[in-house]
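Sequences and hints are given; from them, build the entire structure.
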Amino acid sequence: MDPIIELKNVTLEIPLFSSSDFNLKKKIIKSVTGGSLKKDNKKPFVKALDSITLSVRPGEKIALIGHNGSGKTSFIRLISGIYHPTRGSLKTSVEVYPMIQRSFIVEEELTGVESAKAHYLMMNNTLKGFQNFLEDITEFSGLGDFIFLPLKTYSEGMSSRLMFALLTYQYHECLALDEGLGTGDKQFYEKAQKRLNSFLNKSGSLFIASHSKELLRKFCLRGLVFSSGKLIFDGEIEEALAFYEEYIY
Amino acid sequence: MKNTFIKLLTYIVKTRRTFWFTATSKTKARYARTSLGSFWLGISTLFTVLCLGLVYGTVFNVSNFREYFLYLGFGLLIWTPICEAINQAPLIFVKNANSLKNSKIKPIFFVCQEWAFQIQSFLQAFLIVFLAFLFVDPNILWNLGFSLIHFINLFLFIFWLQIFISLFGTKFTDLFQLLPVITNLLFLLSPILYQKKNLGGFAFTADFNPIFQVLRLLRNSLIYGDLNIKIGLLIFFANILILFLSLYVYRKMEKNIIFYI
Numbered sequence: 070m071d072p073i074i075e076l077k078n079v080t081l082e083i084p085l086f087s088s089s090d091f092n093l094k095k096k097i098i099k100s101v102t103g104g105s106l107k108k109d110n111k112k113p114f115v116k117a118l119d120s121i122t123l124s125v126r127p128g129e130k131i132a133l134i135g136h137n138g139s140g141k142t143s144f145i146r147l148i149s150g151i152y153h154p155t156r157g158s159l160k161t162s163v164e165v166y167p168m169i170q171r172s173f174i175v176e177e178e179l180t181g182v183e184s185a186k187a188h189y190l191m192m193n194n195t196l197k198g199f200q201n202f203l204e205d206i207t208e209f210s211g212l213g214d215f216i217f218l219p220l221k222t223y224s225e226g227m228s229s230r231l232m233f234a235l236l237t238y239q240y241h242e243c244l245a246l247d248e249g250l251g252t253g254d255k256q257f258y259e260k261a262q263k264r265l266n267s268f269l270n271k272s273g274s275l276f277i278a279s280h281s282k283e284l285l286r287k288f289c290l291r292g293l294v295f296s297s298g299k300l301i302f303d304g305e306i307e308e309a310l311a312f313y314e315e316y317i318y
Numbered sequence: 721m722k723n724t725f726i727k728l729l730t731y732i733v734k735t736r737r738t739f740w741f742t743a744t745s746k747t748k749a750r751y752a753r754t755s756l757g758s759f760w761l762g763i764s765t766l767f768t769v770l771c772l773g774l775v776y777g778t779v780f781n782v783s784n785f786r787e788y789f790l791y792l793g794f795g796l797l798i799w800t801p802i803c804e805a806i807n808q809a810p811l812i813f814v815k816n817a818n819s820l821k822n823s824k825i826k827p828i829f830f831v832c833q834e835w836a837f838q839i840q841s842f843l844q845a846f847l848i849v850f851l852a853f854l855f856v857d858p859n860i861l862w863n864l865g866f867s868l869i870h871f872i873n874l875f876l877f878i879f880w881l882q883i884f885i886s887l888f889g890t891k892f893t894d895l896f897q898l899l900p901v902i903t904n905l906l907f908l909l910s911p912i913l914y915q916k917k918n919l920g921g922f923a924f925t926a927d928f929n930p931i932f933q934v935l936r937l938l939r940n941s942l943i944y945g946d947l948n949i950k951i952g953l954l955i956f957f958a959n960i961l962i963l964f965l966s967l968y969v970y971r972k973m974e975k976n977i978i979f980y981i
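So the protein sequences, as listed, match chains A and Y. Mapping of the first sequence onto the numbering used here: residues 70 to 318, in sequence order. Mapping of the second sequence onto the numbering used here: residues 721 to 981, in sequence order.
Misleading hints may appear alongside valid ones.
Unchecked claim - Heads up, simulated BS3-like pairs for lysine-lysine below, C-alpha to C-alpha not over 25 Å straight-line:
{"hint": "1", "chain 1": "Y", "residue 1": "Lys891", "chain 2": "A", "residue 2": "Lys116"}
{"hint": "2", "chain 1": "A", "residue 1": "Lys116", "chain 2": "Y", "residue 2": "Lys824"}
{"hint": "3", "chain 1": "Y", "residue 1": "Lys916", "chain 2": "A", "residue 2": "Lys221"}
{"hint": "4", "chain 1": "Y", "residue 1": "Lys975", "chain 2": "A", "residue 2": "Lys160"}
{"hint": "5", "chain 1": "Y", "residue 1": "Lys821", "chain 2": "A", "residue 2": "Lys116"}
{"hint": "6", "chain 1": "A", "residue 1": "Lys77", "chain 2": "Y", "residue 2": "Lys975"}
{"hint": "7", "chain 1": "Y", "residue 1": "Lys746", "chain 2": "A", "residue 2": "Lys160"}
{"hint": "8", "chain 1": "A", "residue 1": "Lys271", "chain 2": "Y", "residue 2": "Lys975"}
{"hint": "9", "chain 1": "A", "residue 1": "Lys130", "chain 2": "Y", "residue 2": "Lys821"}
{"hint": "10", "chain 1": "Y", "residue 1": "Lys950", "chain 2": "A", "residue 2": "Lys77"}
{"hint": "11", "chain 1": "Y", "residue 1": "Lys916", "chain 2": "A", "residue 2": "Lys116"}
{"hint": "12", "chain 1": "Y", "residue 1": "Lys748", "chain 2": "A", "residue 2": "Lys160"}
{"hint": "13", "chain 1": "A", "residue 1": "Lys221", "chain 2": "Y", "residue 2": "Lys975"}
{"hint": "14", "chain 1": "Y", "residue 1": "Lys821", "chain 2": "A", "residue 2": "Lys77"}
{"hint": "15", "chain 1": "A", "residue 1": "Lys116", "chain 2": "Y", "residue 2": "Lys972"}
{"hint": "16", "chain 1": "Y", "residue 1": "Lys972", "chain 2": "A", "residue 2": "Lys112"}
{"hint": "17", "chain 1": "A", "residue 1": "Lys160", "chain 2": "Y", "residue 2": "Lys824"}
{"hint": "18", "chain 1": "Y", "residue 1": "Lys826", "chain 2": "A", "residue 2": "Lys197"}
{"hint": "19", "chain 1": "Y", "residue 1": "Lys824", "chain 2": "A", "residue 2": "Lys130"}
{"hint": "20", "chain 1": "A", "residue 1": "Lys221", "chain 2": "Y", "residue 2": "Lys748"}
{"hint": "21", "chain 1": "A", "residue 1": "Lys160", "chain 2": "Y", "residue 2": "Lys826"}
{"hint": "22", "chain 1": "Y", "residue 1": "Lys748", "chain 2": "A", "residue 2": "Lys299"}
{"hint": "23", "chain 1": "A", "residue 1": "Lys160", "chain 2": "Y", "residue 2": "Lys917"}
{"hint": "24", "chain 1": "Y", "residue 1": "Lys975", "chain 2": "A", "residue 2": "Lys299"}
{"hint": "25", "chain 1": "A", "residue 1": "Lys197", "chain 2": "Y", "residue 2": "Lys746"}
{"hint": "26", "chain 1": "Y", "residue 1": "Lys975", "chain 2": "A", "residue 2": "Lys112"}
{"hint": "27", "chain 1": "Y", "residue 1": "Lys734", "chain 2": "A", "residue 2": "Lys112"}
Stated by the list, open to error - Simulated DEER-style distance windows between Cβ atoms:
{"hint": "28", "chain 1": "Y", "residue 1": "Phe785", "chain 2": "A", "residue 2": "Asn201", "range": "47 to 53 Å"}
{"hint": "29", "chain 1": "Y", "residue 1": "Lys821", "chain 2": "A", "residue 2": "Ser162", "range": "22 to 28 Å"}
{"hint": "30", "chain 1": "Y", "residue 1": "Ser764", "chain 2": "A", "residue 2": "Lys77", "range": "27 to 33 Å"}
{"hint": "31", "chain 1": "A", "residue 1": "Ser158", "chain 2": "Y", "residue 2": "Asp894", "range": "34 to 40 Å"}
{"hint": "32", "chain 1": "Y", "residue 1": "Ala817", "chain 2": "A", "residue 2": "Leu196", "range": "25 to 31 Å"}
{"hint": "33", "chain 1": "Y", "residue 1": "Phe785", "chain 2": "A", "residue 2": "Ser172", "range": "38 to 44 Å"}
{"hint": "34", "chain 1": "A", "residue 1": "Asp71", "chain 2": "Y", "residue 2": "Ile902", "range": "51 to 57 Å"}
{"hint": "35", "chain 1": "A", "residue 1": "Gly226", "chain 2": "Y", "residue 2": "Ile981", "range": "47 to 53 Å"}
For the record, the hints were derived by calculation from the structure and aren't laboratory data. We put the CB at the ideal spot given by N, CA and C, even for glycine.
And the structure:
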């Protein structure tokens, strides 16, 4: 089977722009002084991902392991097309859907229904089938008539439940999930776990970035361990988790 | 390059319903707690026209107040979306940073959304002011037919202007501070409140003022039924050309937008 995602020596550098970098005053001074104030052509940057080479086959479920700031989210953003490689080549033959969004597309003054409509339109470019979608997310989130109220009147738990319902309605060919997907209160937790399980199982290919070994073991067979933007291990999930344990201690 | 350009245009067309809907939602949100809702867009313009018309009509010693009210009213109506588009554009990407960093929504979507918002606000205000002006001069109803090309030119003008300003305004953050000063000056230096002849020896500056040219053609077509088809078409093709240029610049800068916000 041909790989659906292929990275060859991919490096992602995130430039650090201070306000002075794009300060008009500085630009004007530079232009009238013939650029003599320019100290260095090189701008400071963070190497978020460093020379990553790997390929992913259809249906693979991959765990992204590493401490905070190791490059997991940058990797998700890269394969989803939010970031573009600075160097190297990235080929994807599937749409990678990133599940890292934590906020609604519409303003807080608007209702849950309008938020759902915007989300549905964004996913499908049509309102065909919206009614079923609305019924499902209203029932699943347990919001009932609250769905007709403005988002700003929702508690944190209610917002999380709605967001969770919106994001997990549709299955995706390739899903990249960052941990910490809010699931609201405890009562909702079990229900959410069930839906998440079925949602993740049905997705074609899967990337999960998480610190939960339990979650990673449950869904993934392969593990990638990141450290300072480098891929330091690529192998079976148990080996990857063991490697990470050893690596951090 | 050609391929990515077509992809960008396809994306804009594909997401048209979504950005139109989210733009409508923005208007709804803005007037959510008011009893008159988006009617305020027209009412506030009418009130401004009435106050400014009385004061400046007296200051400029206007002989025909009826005509001056139309002149000022349509001038302000057309100026408002241009001014708002210029002032809001540098914030478009910053305001939507969360969605840009965490979802596959492309930056151009938010430019389209802001554009749709300006157009919707303009059309709602226009409808109310136009209905009120029908009592002042019923002939303007027929003039609407002569204005189509100039309406299109206004909408295209606002679109490419927003693309450029959103890109450079995000990169050069000082622009955000500078633009309100520029729009204030443009408003006072362009014949919107007053006639071009009031500029005296500086009247020629109005001919080189692109904002005034777009505004003038639409206003004259509405008040006097001036079709100006030749110049209208010329501006239309210029708008299309600059629009493509703005999309080309967008394509060049798109990858870096996420790093500026």
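Against the structure, the hints come out as follows:
With a CA separation close to 21 Å, the supplied pair lysine 891(Y) and lysine 116(A) stays within the 25 Å bound. A C-alpha spacing of about 22 Å is found between lysine 116(A) and lysine 824(Y), which places the hinted pair at or below 25 Å, so the restraint holds. Simply put, lysine 916(Y) and lysine 221(A) have alpha-carbon atoms about 48 Å apart, too far for the 25 Å limit, and the pair is violated. Taking the CA atoms of lysine 975(Y) and lysine 160(A), the gap is near 17 Å; set against the 25 Å cutoff, the hint holds.
Of the pairs offered as hints, the one joining lysine 821(Y) and lysine 116(A) holds, with about 17 Å between alpha carbons and a cut-off of 25 Å not exceeded. At most 25 Å may separate the alpha-carbon atoms for a hinted pair to count; lysine 77(A) and lysine 975(Y) meet this at roughly 20 Å. Of the supplied pair hints, the one linking lysine 746(Y) and lysine 160(A) is violated, its CA atoms being roughly 37 Å apart against a limit of 25 Å. Of the supplied pair hints, the one linking lysine 271(A) and lysine 975(Y) is violated, its CA atoms being roughly 32 Å apart against a limit of 25 Å.
For the given pair, lysine 130(A) sits about 24 Å from lysine 821(Y) by alpha-carbon distance, which is consistent with the 25 Å threshold. Proximity of lysine 950(Y) to lysine 77(A) is assessed by CA-CA distance (about 55 Å); at most 25 Å being required, the pair is judged violated. Restraint check: the Cα-Cα separation between lysine 916(Y) and lysine 116(A) comes to about 57 Å, which exceeds 25 Å; the hinted pair is violated. For the suggested pair lysine 748(Y) and lysine 160(A), the alpha carbons sit about 42 Å apart, so the restraint of at most 25 Å is broken.
Note on lysine 221(A) and lysine 975(Y): the hinted pairing is violated, with a Cα-Cα distance of about 33 Å set against a maximum of 25 Å. For the hint linking lysine 821(Y) to lysine 77(A), the alpha-carbon distance of about 24 Å falls within 25 Å, and the restraint holds. Under the criterion of a C-alpha separation no larger than 25 Å, the hint pairing lysine 116(A) with lysine 972(Y) is consistent with the structure, at around 22 Å. Restraint check: the Cα-Cα separation between lysine 972(Y) and lysine 112(A) comes to about 19 Å, which is no more than 25 Å; the hinted pair holds.
Between lysine 160(A) and lysine 824(Y) the alpha-carbon distance is near 17 Å, which keeps this suggested pair within the 25 Å criterion. Of the supplied pair hints, the one linking lysine 826(Y) and lysine 197(A) holds, its CA atoms being roughly 23 Å apart against a limit of 25 Å. Of the pairs offered as hints, the one joining lysine 824(Y) and lysine 130(A) holds, with about 21 Å between alpha carbons and a cut-off of 25 Å not exceeded. With a C-alpha separation of about 14 Å, the suggested pairing of lysine 221(A) with lysine 748(Y) holds against the 25 Å cut-off.
Proximity of lysine 160(A) to lysine 826(Y) is assessed by CA-CA distance (about 19 Å); at most 25 Å being required, the pair is judged to hold. A hinted pair counts as satisfied when its Cα atoms are at most 25 Å apart, and lysine 748(Y) with lysine 299(A) does not qualify at roughly 47 Å. At most 25 Å may separate the alpha-carbon atoms for a hinted pair to count; lysine 160(A) and lysine 917(Y) exceed this at roughly 62 Å. Note on lysine 975(Y) and lysine 299(A): the hinted pairing holds, with a Cα-Cα distance of about 22 Å set against a maximum of 25 Å.
Our distance criterion of 25 Å between C-alpha atoms is met by lysine 197(A) and lysine 746(Y), whose separation comes to about 23 Å. About 17 Å separates the Cα atoms of lysine 975(Y) and lysine 112(A), which keeps this hinted pair within 25 Å; it holds. Taking the CA atoms of lysine 734(Y) and lysine 112(A), the gap is near 37 Å; set against the 25 Å cutoff, the hint is violated. The beta-carbon spacing between phenylalanine 785(Y) and asparagine 201(A), approximately 58 Å, falls outside the hinted interval of 47 to 53 Å.
In this structure the hint that lysine 821(Y) and serine 162(A) lie 22 to 28 Å apart at CB holds, the actual value being about 25 Å. Checked against the given bound of 27 to 33 Å, the beta carbons of serine 764(Y) and lysine 77(A), roughly 58 Å apart, lie outside it. Look at serine 158(A) against aspartate 894(Y): about 37 Å separates their beta carbons, and that is inside 34 to 40 Å. Roughly 28 Å separates the CB atoms of alanine 817(Y) and leucine 196(A), a value that falls within the hinted 25 to 31 Å.
As the Cβ distance of phenylalanine 785(Y) to serine 172(A) is approximately 50 Å, the hint placing it in 38 to 44 Å is violated. Under the hint 51 to 57 Å, the C-beta atoms of aspartate 71(A) and isoleucine 902(Y), about 54 Å apart, fit the expected range. The hinted window of 47 to 53 Å between glycine 226(A) and isoleucine 981(Y) is violated, with their beta carbons roughly 29 Å apart.
Hint check: violations occur at hints 3, 7, 8, 10, 11, 12, 13, 22, 23, 27, 28, 30, 33, 35; the rest are consistent with the structure.
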